[in-house]
Amino acid sequence: MKRVGVFVCWCGSNIAATVDIERVIAAARKMPNVVYASDNKYMCSELGQASIRESIEKENITRVVIASCSPRMHENTFRKTVAAAGLNPFYLEIANIREHCSWVHKEGEVGTVKAISLVRTAVAKAARNEPLTPSSLQITKRALVIGAGIAGIQAALDIADSGYQVDLVEKEPSIGGRMAQLDKTFPTLDCSACILTPKMVDVAQHDNITLHTYSVVEKVDGYVGNFTATIRKKSRGIDMEKCTGCGICYEKCPVKVDSEFEAGMAKRRAIYVPFPQAVPNKPVIDRENCRYFTQGKCKVCQKLCPAGAVDYELEDEVLTVEYGAIVVATGFDILDLQAYGEYGYGKHPDVLTSLEFERLVNASGPTGGKILRPSDGKPPRTVAFIQCVGSRDQAKGKAYCSKVCCMYTAKHAILLREKVPGAKPIVFYIDVRTPGKDYEEFYNRATDEYGATYIRGQVGKVYPEGDRLIIRGVDSLSARPVELEVDMVVLAVAVTARADAAGVGRMLGITTNAHQFFNEAHPKLRPVETHSAGIYLAGMCQGPKDIPEAVAQASAAAVKVVGLLNKDSLVGNPTVANVDESMCSGCLECTQVCPYDAIKEKSITERRGRETLTRTVAEVNEGLCQGCGACSVACRPGANNLKGFTNEQILAEVDAVCL
Amino acid sequence: MNLTEKMRQEAAQILESKEADLVIGWGGGEYYWQSPPLFLEDAAGAAELAFSPFIVNNLAKYLLEELESHEKAALFVKGCDTRGINRLLQDHRIQREAVLLIGVPCAGLADREKLKAAGYDAGLLQVERQGDSFILTLEGEEGAREVPAGEFLLDKCLECRYPNPLVYDRLLGEEVQKPRERDPMARVREVQKKPVDEKYAYWQEKLSRCIRCYACRNVCPACNCRECIFDQNAPRWVGKANQLSEKQNYNIIRSFHIAGRCIDCGECQRACPMDIPLMEINRKIIQDLTELYGEYEAGIDPTDVPPLGTYRAEDPAGFSER
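So the sequence lines, in the order shown, correspond to chains A and B. Our numbering applies: residue 1 is where the first sequence begins, and numbers increase by one. Our numbering applies: residue 1 is where the second sequence begins, and numbers increase by one.
So that you can see chain B by itself, here it is in the shape it has in the complex:
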């Protein structure tokens, strides 16, 4: 039985046995690269679930809204998604008893842009993972073609450290091994090495692209406030004018709000339509916090306290000491 079939069977069983009154999973779309979220209350709908190398969306944030009208929601989660679950648990935004987590091991997801660049997009019907390869189903005579998966993975998946779910109630399929192929901190160090002026110019250029679409915020499991300060008018924390200073302000405040809470999933950067390297900012903060307060990975253990979310008399008073 492949993963799609397992997902369908599991979802149908959960809804039939009334173990949960909602199942949130990924469906198939019109195009090969689509995987819209599915919200199932009825076992019959389970047949629409589909596993593909494009199930990149973290479904955890839907819980915020759905749990208001459902007793218990079952959710399919990848390794990175579970850090988002832990984020929401730690932020007291969901109750563990109200969710049923179906873990899905993930060896890395496909990047449509890379497929496009290699000339595979047009006429591509389906992409399937098989071992270290992607099997591309193409229109016309050729039918299928096997390509090495590593060449077409999302950049963030090449930096993945948790391919298997960290927290789950049930696990579908076998755990996968996928060591980090890239050091996620390498870019931070590179940017850091630039002289101050150059670094400032670098970020001016990057942040000037921002169109304030808030995709980075909307996709982020750490951005889970009931009312975001960027949506408030009184007080007006950040202006709405289309100018660099407001764009910088927005991006800096966004990264400060997730400081010590960022689960390093890379979704903000992936979702950004303007290719702003947001993870370079987030990871710079992770690096700084590690230097100040010791090694800390957010979203690993929901019972621990983030370094900036606690008060200790002996905390380093770095600012005043310098």
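Just chain A, same shape as in the assembly:
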């Protein structure tokens, strides 16, 4: 028979002032299996814990119920106490008579009756508690960082500097991401390339970083400490060993297509390096546009290459690598403007997105840094900047604030004034949001020193008249309609999650929110962790943020990775699900409801009479299982059972509450 000891805590006056401790103890002594009950003013104190240990030994107690505060508070404390007395730590059961009784019931009677009921429930469960032993998991001392924008670069550098091997995977031919496309950065106006490029070089030269550009992660299996990723290194058509990066190949390539890096503002060749500071600074053949791959003829680049590095026959390389931790830093896209016809984007060449304007301002951009109208190459005299295009728009766009637009629009206004003397920046805004160090001051410079005009209100229509653009809107402060003639319109387009974010989330077993940004484990207290242990988030893929925030988050994610890889082994959570194969029908509903992708199907063979049958059952991966119990609820015959919270234990609790 189980010998249950009940220990009731006063929590000073927190519990004792409302709950009648004496009555609880008297009731506990009459409960089935209870051999001992006592109280203490502070059970969690050293004295309180010692009294528990002594009573366990003296009374030969085999299961322990502590009626005290929430298990979130002291379950771990008391598990250690129980273990110190020589019992399995999972023989402990806590009845929460503080948060559930004294704190929510003013009347002593109600609180006391409920406390007795909760103790009876805990006693019923404790009598069915089985010993649980956490498993020990090995850790592969290598990290994977997906995405090599500023967040991925920072995370990779920090992990590598801490002495661990990192594989940095980037789907584009060069690392650098969105930050490489930007001109200046707010609020200090230092040039984006000047601060980013050294970091890109650091990545390329770091002994602990293996760079996989033009590569995609196709599959991730496994669990914390033991992930296995399949990485496809797409063929560049270039032998990277032989190529010297001389650039002759792309000077002579006859094909011209829109450059992704230049946001379509300039052309690139079919064999190309995305931008001059690219890392690696070696070209890639765009097979969709290359004349040899589309028409079977050309080979100009191969003929001209002095190193003989161009090889059209090179095939994709598929790597399978094991990792202990993963950082997801897949970045963002900008909103497709199809729903915003009123701004004339795509119809008039002088209506630009802010990313296109960014390239126009950039010294290495299509105009060499001169702000010129795409339509006639003349410098604009008046430029209208329209904010919140798709952001804060529940009807057509995204309900959220894109966070960076207010600041970069102020930056654009300043840059316009610096580059085109006498030009007039006019900003249409809903609210100007500048929380951040030196941000409000930066905005003030735009208005006070650089004379940017801010009009509070939204634009209803942009249309051409002659060679200029007419803007119609409303000034909501004076409630008057506004009509302006301008030379250029720049749209601060909403940032969005990557189009494939939901798919990437499914691959990794991490969730996305309604806008496909990846979910952090806790919005305040676990902002870089995901719900899947060992997978961390950095940068815009988690939600809109600026460069300093992305970098800070990347470093935070790196610390989490390093903290994990520093451990010799991981202690598994023993309260995981397991499947009774004899009962499992193989309907696999549990695999569908599992938020952690921890359950897979498996084939078993069994004898039935003279026949040997093969059938499907579910199998739980204990490394991935977080013990949420969703499978156990979904399983109709009850084949899925959560250790520490078995169906038997929960039914016993229900009976104890009801009887």
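The set of hints was computed from the structure by calculation and includes no laboratory data. On a predicted model such as this, the values are computed, not experimentally measured, just so you know. There may be inaccurate statements among the hints.
Claimed, not checked - Straight-line alpha carbon distances no greater than 20 Å define the calculated EDC-like cross-link-like pairs of lysine to aspartate or glutamate that follow:
1) A:Lys-403 with A:Asp-333
2) A:Lys-252 with A:Glu-288
3) A:Lys-403 with A:Glu-549
4) A:Lys-233 with A:Glu-172
5) B:Lys-240 with A:Glu-648
6) B:Lys-240 with A:Asp-655
7) A:Lys-602 with B:Glu-227
8) A:Lys-602 with B:Glu-68
9) A:Lys-600 with B:Asp-304
10) A:Lys-600 with A:Glu-218
11) B:Lys-72 with A:Glu-648
Could you slot chain B onto chain A? The hints should help.
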């Protein structure tokens, strides 16, 4: 060639050509209203197959056992039966390649109780469907009598939405048209309108009749677990005592286990010897799920995922929000 002859020919051909090593169909019984299942491994047995307006049993569930000892089973299926097939496919209980489905369009089946009530039971030898009529073959001088089929259909057939098989490999006969004559949700709304006390008394009365015979579970294609929780002793989910609370518990758990999975075939209610309106519970749940997760009909497409059988972060958290 009538449907009985077509069924026989088809079954014989399947077994002779070894397309399947088992054919499951309906046979004729001693009485006009019987249609016991037939399990044929030999073409010679095909002559025992019979089509009648009483082939109400869904043969799909026999597959669970039969496919353990047979490579491939051919099965005759009506529209409602095919939703059961889809249920089993979706639950991964059978493989589509292991079954050969012979579709049988069905314009509605006859209700012996209604024939009885009209005084036709004694001396009735055979009932045949002809257009909108049933032809009753009677003992004695009268011989045959034609009655309107609509008056003698099973209640559940009056609510039928899928008279033609949804999934099949071959189809016998022509597809039939049979629009719903009754709104199956009408009763749910009626019961729902009752004041709480009255509703509780209503269900107490209905569920107190339950004799725990488990016919509703046994006939249900969604109840296909290897080991049903009602048969388990440890843990003992539901007590065996003959008391109302245990009866309520059984019926509520049964309906929860098929929530979002019920194919709306009405077999549980038809099989119930105590006339408990089980479909009112099942359909109330269907209605609730539609409100919560949008229109969903179980057993239509085996590749989709039942609303309660999936995890999505954005699912409504109805309980906590109220």
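> Which hint numbers does the structure go against, in order from smallest to largest?
Replying inline: 11
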